[in-house]
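Residue numbers (numbering that gives the first Met the number 0), protein chains in the order written: chain A, 0 to 175; chain B, 0 to 120.
Treat the hints as calculated values from the structure; they're not laboratory data. Yeah, the Cβ is synthetic: ideal placement off N, Cα and C, and Gly gets one too. Among the hints, erroneous ones may be present.
Stated by the list, open to error - Computed footprint of chain A on chain B; a stretch qualifies when at least three of its residues, placed anywhere within it, have a C-beta under 8 Å from a C-beta of chain A:
| id | segment |
| --- | --- |
| 1 | 3-13 |
| 2 | 47-56 |
| 3 | 75-82 |
| 4 | 102-114 |
To be verified - Heads up, incomplete: computed chain A residues facing chain B, CB under 10 Å, no partners named:
| id | residue |
| --- | --- |
| 5 | Leu37 |
| 6 | Met72 |
| 7 | Thr99 |
| 8 | Ile107 |
| 9 | Gln109 |
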Amino acid sequence: MTSVSSVVRRPDQATAARRAGRWPELGAVAAGGVVGSLARFGLHEAVPSVAGQFPWATFAVNVTGCLLIGVLMVLLTEVWAGRRLLRPFLGVGVLGGFTTFSAYAVEIEQAVSVGAARTALLYLGGTLVAAMLAVGAGAGLTGAAVRTVRRRTAARRTAAPKQIAHRPDRHRRGPR
Amino acid sequence: MMAALLVALGAAVGAPLRYLTDQAIRARHDSVFPWGTVTVNVTGSLLLGFLVGLPANDAFLLLAGTGFCGALTTYSTFSYETLRLVQTRAWPVAVASVLANLGAGIGAAFAGVALAQAIVG
Chain A
0 MTSVSSVVRR PDQATAARRA GRWPELGAVA AGGVVGSLAR FGLHEAVPSV
50 AGQFPWATFA VNVTGCLLIG VLMVLLTEVW AGRRLLRPFL GVGVLGGFTT
100 FSAYAVEIEQ AVSVGAARTA LLYLGGTLVA AMLAVGAGAG LTGAAVRTVR
150 RRTAARRTAA PKQIAHRPDR HRRGPR
Chain B
0 MMAALLVALG AAVGAPLRYL TDQAIRARHD SVFPWGTVTV NVTGSLLLGF
50 LVGLPANDAF LLLAGTGFCG ALTTYSTFSY ETLRLVQTRA WPVAVASVLA
100 NLGAGIGAAF AGVALAQAIV G
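Let's have the full structure, built from the sequences with the hints guiding it.
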C-alpha cells in the first residue's frame with residue numbers, strides 16, 4: 000500500500016522527510032520518558048509519601064528536574080545546537096518524565112482531604128518558588144559558565160593565532 | 000520488577016502523548032501562552048485524581064498513574080516556559096501560565112477525586 004501511494008502520488012521530499020523525521024523523535028521522547036519515570040518511581044519507593052505529610056519525594060524530583068532543564072536548555076541552544084534528538088530525549092523525555100504535575104496536584108488534594116491544609120499550601124507554594132528559582136539558577140549559572148569559557152577561548156585565540164590556525168573546529172561534529 | 004515494568008509501559012505512552020499534544024496545539028495556536036503544557040497538566044491531574052479517588056488497584060495505579068499520568072504531565076517544561084516568559088518581559092502571560100497550571104491543574108485533581116467518589120458512591 001505504501002509503495003502504490005508513493006508511486007501514484009509521490010509526496011514531495013520535504014513532506015516525506017517530515018514524516019520520517021517524526022518517528023526518531025517520538026522514539027527518543029518515549030525512551031527518555033521511561034528513563035525519567037523509572038528514576039521518579041525509584042525515589043518514590045525509597046521515600047514513600049504519606050497523606051498529610053510534606054511530599055518530599057515529589058518536591059525533590061520536581062525541583063531537581065527544573066534545575067536540570069535550566070542547565071540543559073542553555074547547553075542545547077549555546078553548545079549542542081544542531082543535535083536533533085538530544086532535546087526530545089533529555090528535555091522532553093527524561094526530564095519531562097522525571098518531573099510530574101499530576102502527583103503534585105493530587106498530593107495537594109490528599110493533604111487537604113486529611114485536614115492538613117497548611118501542609119498543602121506550603122507544598123503548593125514551596126514547590127512553585129523552589130522550581131522557579133531552580134530553573135532560573137540552572138539557566139543563569141550555565142549561561143555564565145558558557146560565556147566565561149567562550150571569552151577565555153577567544154582571548155587565547157587572539158593571543159596565539161598561528162597555533163590554532165590549522166586546528167579543525169573541535170566544537171563541531173558531523174551528523175550521526 | 001513487575002512494578003517497574005508497569006511504570007515504564009505507562010511512561011512510554013504518556014511522554015510521547017505529551018509531545019504530540021504540544022506539537023498539535025502549537026500548530027493550531029500561534030500564541031506565546033503555553034497551552035500545550037496546561038492541557039497535559041490539567042488532563043493528567045484530572046485522570047490521576049480519578050484513579051486515586053476510586054481507588055484503582057495497585058497495578059493499574061502504577062501503569063496509568065505513576066507511569067502514564069506522571070510522564071504525561073510535567074513540571075520542568077512548565078517552569079522553563081514560565082522562565083522564558085519572564086526573560087522576555089511577557090509578565091502577564093507568565094502570571095497567566097502559573098495561574099492556569101496551578102489553578103486548573105490542582106482544581107482538576109480535586110474534580111477527579113470527587114468524580115470518582117461520586118461514581119463509586
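Comparing the hints with the structure gives:
1. 3-13: holds (count 8)
2. 47-56: Since three or more residues must qualify, the claim that chain A covers the segment 47-56 of chain B holds, with 3 doing so at under 8 Å.
3. 75-82: Result for this restraint: holds, n = 7.
4. 102-114: holds (count 7)
5. Leu37: holds (6 Å)
6. Met72: Nearest chain B Cβ about 6 Å off; hint holds.
7. Thr99: Constraint on Thr99 of chain A satisfied, holds at 4 Å.
8. Ile107: holds (5 Å)
9. Gln109: holds (7 Å)
Checked against the numbered hints listed earlier, the structure breaks none of them; every hint is satisfied.
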